[in-house]
Amino acid sequence: MWNFVSPRIVFGEGALDVLDELQGQRALIVTDTNMVRIGLVDKVKKHLAKAGIDVHVFDQVEPDPSVQTALQGAQMARDVQPDWIVGLGGGSPMDIAKTVWVLYERPDIEPAAIAPVGELGLRKKARLITIPTTSGTGAEATWGIVLTDTAEKRKMGLGHPENIADIAIVDPEMAAGMPSKLAADTGLDALVHAVEGYTCSWHTDLTDGLCLHATRLVFKYLPRAVSNGQDMEARERMHNAATCAGLGFGNAMASMAHAMGHSLGSAFHIPHGRAVGLFLPYTIEFFSSQAPERFAELAALAGYPNDGGEPAAREFARHIRDLCRQIGNPTTVSEMGIGRKDYEGQLDKLVDDALNDTQMVTALRAPSSEETRQIFLYAYEGRPIDF
Amino acid sequence: MGFKFPSDEWVKEFARQINASKAYEESGKDWEGDWLFIVEADDAYPKTVYYFIGLSHGKSTDAAMIESESAREAQYSMRGSFTTWRKTIEGKLDPIQGLMTRKFKLKGNLAKVLRYPKSAKELVNCVGRVPTEFPG
Numbered sequence: 001m002w003n004f005v006s007p008r009i010v011f012g013e014g015a016l017d018v019l020d021e022l023q024g025q026r027a028l029i030v031t032d033t034n035m036v037r038i039g040l041v042d043k044v045k046k047h048l049a050k051a052g053i054d055v056h057v058f059d060q061v062e063p064d065p066s067v068q069t070a071l072q073g074a075q076m077a078r079d080v081q082p083d084w085i086v087g088l089g090g091g092s093p094m095d096i097a098k099t100v101w102v103l104y105e106r107p108d109i110e111p112a113a114i115a116p117v118g119e120l121g122l123r124k125k126a127r128l129i130t131i132p133t134t135s136g137t138g139a140e141a142t143w144g145i146v147l148t149d150t151a152e153k154r155k156m157g158l159g160h161p162e163n164i165a166d167i168a169i170v171d172p173e174m175a176a177g178m179p180s181k182l183a184a185d186t187g188l189d190a191l192v193h194a195v196e197g198y199t200c201s202w203h204t205d206l207t208d209g210l211c212l213h214a215t216r217l218v219f220k221y222l223p224r225a226v227s228n229g230q231d232m233e234a235r236e237r238m239h240n241a242a243t244c245a246g247l248g249f250g251n252a253m254a255s256m257a258h259a260m261g262h263s264l265g266s267a268f269h270i271p272h273g274r275a276v277g278l279f280l281p282y283t284i285e286f287f288s289s290q291a292p293e294r295f296a297e298l299a300a301l302a303g304y305p306n307d308g309g310e311p312a313a314r315e316f317a318r319h320i321r322d323l324c325r326q327i328g329n330p331t332t333v334s335e336m337g338i339g340r341k342d343y344e345g346q347l348d349k350l351v352d353d354a355l356n357d358t359q360m361v362t363a364l365r366a367p368s369s370e371e372t373r374q375i376f377l378y379a380y381e382g383r384p385i386d387f
Numbered sequence: 388m389g390f391k392f393p394s395d396e397w398v399k400e401f402a403r404q405i406n407a408s409k410a411y412e413e414s415g416k417d418w419e420g421d422w423l424f425i426v427e428a429d430d431a432y433p434k435t436v437y438y439f440i441g442l443s444h445g446k447s448t449d450a451a452m453i454e455s456e457s458a459r460e461a462q463y464s465m466r467g468s469f470t471t472w473r474k475t476i477e478g479k480l481d482p483i484q485g486l487m488t489r490k491f492k493l494k495g496n497l498a499k500v501l502r503y504p505k506s507a508k509e510l511v512n513c514v515g516r517v518p519t520e521f522p523g
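Order-wise, the sequence lines are chains A and B.
Here the first sequence stands for residues 1 to 387, where the numbers follow our numbering.
Here the second sequence stands for residues 388 to 523, where the numbers follow our numbering.
No wet-lab data here; the hints were simulated from the structure.
The reader is advised that the hints may include incorrect statements.
As the list claims (entries may be wrong) - In the DSSO-like style, the derived pairs of lysine-lysine whose C-alpha atoms are separated by at most 27 Å in a straight line are: (1) B:474 x A:153; (2) B:490 x A:124; (3) B:499 x A:153; (4) B:446 x B:499; (5) A:349 x B:409; (6) B:499 x A:349.
I would like the entire structure built from these sequences, with the hints used as guidance.
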């Protein structure tokens with residue numbers, strides 16, 4: 001027995017128009033100052049105004065958002081009493097929007113205890129809309145939440161199926177202005193979602209197709225979307241790929257590349273997509289003996305015919321490194337500009353946090369502490385995993 | 388020959404497996420908190436069974452089949468039907484998925500439990516290492 005949860009997804013050019021006929025009194029847009037600066041908040045406000053909805057804005061969401069930010073947003077929600085909460089931006093604003101919504105409806109719950117157990121009883125005060133402005137996080141279509149515990153410099157995987165958005169608006173125009181670097185980082189995030197969703201131990205028949213197609217879309221369109229920001233076909237297909245991958249992994253799970261990426265990201269403030277994208281080939285090599293046929297299928301779909309087996313899985317890892325290079329992303333930790341001494345100084349914490357990340361529970365092969373340490377070290381130098 | 392489930396011998400072997408696990412010792416080194424596992428009667432087994440499992444700093448401090456839920460104090464409890472527990476022991480049901488689909492019900496400080504997914508996973512591995520015989 002398992003569940004597949006999804007918002008109503010309105011996608012394609014003009015999708016934002018769905019806001020024009022929204023029923024409600026007050027909306028709280030949860031976003032960041034960059035979204036305000038580049039005019040995307042105003043764009044959403046104009047649509048909500050057509051629906052006669054009074055709009056308030058919480059724009060204090062930072063990258064790697066903290067529990068404290070979520071608490072501030074929840075306080076604003078209690079002050080404003082919205083019947084719609086709108087998460088607008090990349091993964092961080094959408095994750096904070098989900099958390100604000102839960103805390104607004106359930107002030108008795110502490111953020112660190114938002115877990116997929118029991119009932120939350122949401123939708124008594126408000127409902128949630130997600131509008132992604134990057135193409136990769138998939139947070140518009142998942143119930144997962146990642147918050148940072150700033151005291152312990154640790155990312156926490158939280159969320160409950162009830163806190164999935166009611167409506168996800170996947171409008172390519174909202175992501176059209178992404179700089180190439182952001183398109184590259186977030187596009188890799190979509191790829192990691194697709195690959196891990198397809199190969200983790202919780203994958204299902206209902207998620208496999210979404211993950212396979214998202215992989216195909218990323219390999220086909222990400223280089224174009226990065227090299228030419230005016231290539232709207234590529235940008236739109238990547239926007240769709242991100243949502244497909246989000247639905248896929250969100251109803252299965254991510255895995256070890258996410259666990260390691262969260263760990264590195266919180267220690268060294270590396271953008272999420274860049275961190276998880278870097279670790280993916282290493283974790284594929286580590287898992288290659290466990291499910292070679294699934295990696296081989298992904299490789300074939302990505303445009304690399306193969307004879308199957310473990311060598312095909314390792315080839316797939318190599319192709320992902322090639323894709324990273326093609327879009328200008330690092331394939332080693334040293335290329336990220338992290339000094340070896342600093343890295344080794346954090347290694348115990350990196351290993352400990354990765355092993356205790358919730359995404360690790362679906363790893364095809366349970367790594368020991370020493371194996372995890374070695375994978376971190378191999379990734380620093382760019383050595384393919386050989387154990 | 389296996390250990391009959393449910394029985395006191397079974398839970399004591401589970402504790403022995405925990406104490407033999409280097410991986411649990413490592414991942415649960417900061418954990419403090421005892422558990423009650425409640426195996427509820429269903430069509431496959433007629434009697435509800437209660438297990439106490441003491442866990443502290445990577446070791447099992449005590450393990451016993453007890454008379455009732457209130458016979459020993461524990462900070463956490465996990466409750467499910469006999470059939471759900473059987474599927475978990477046989478490796479057919481991931482207990483975390485069991486919790487998410489409400490086949491298992493958990494009581495206790497959830498935020499704390501969420502900080503130890505690796506040790507939870509290793510406890511499941513220890514369950515899998517107990518050679519188990521089921522009734523019927």
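Exercise for review: Please write out, lowest number first, the hints stated earlier that are contradicted by the structure.
Suggested key: As far as the earlier hints go, only 1 is violated by this structure.
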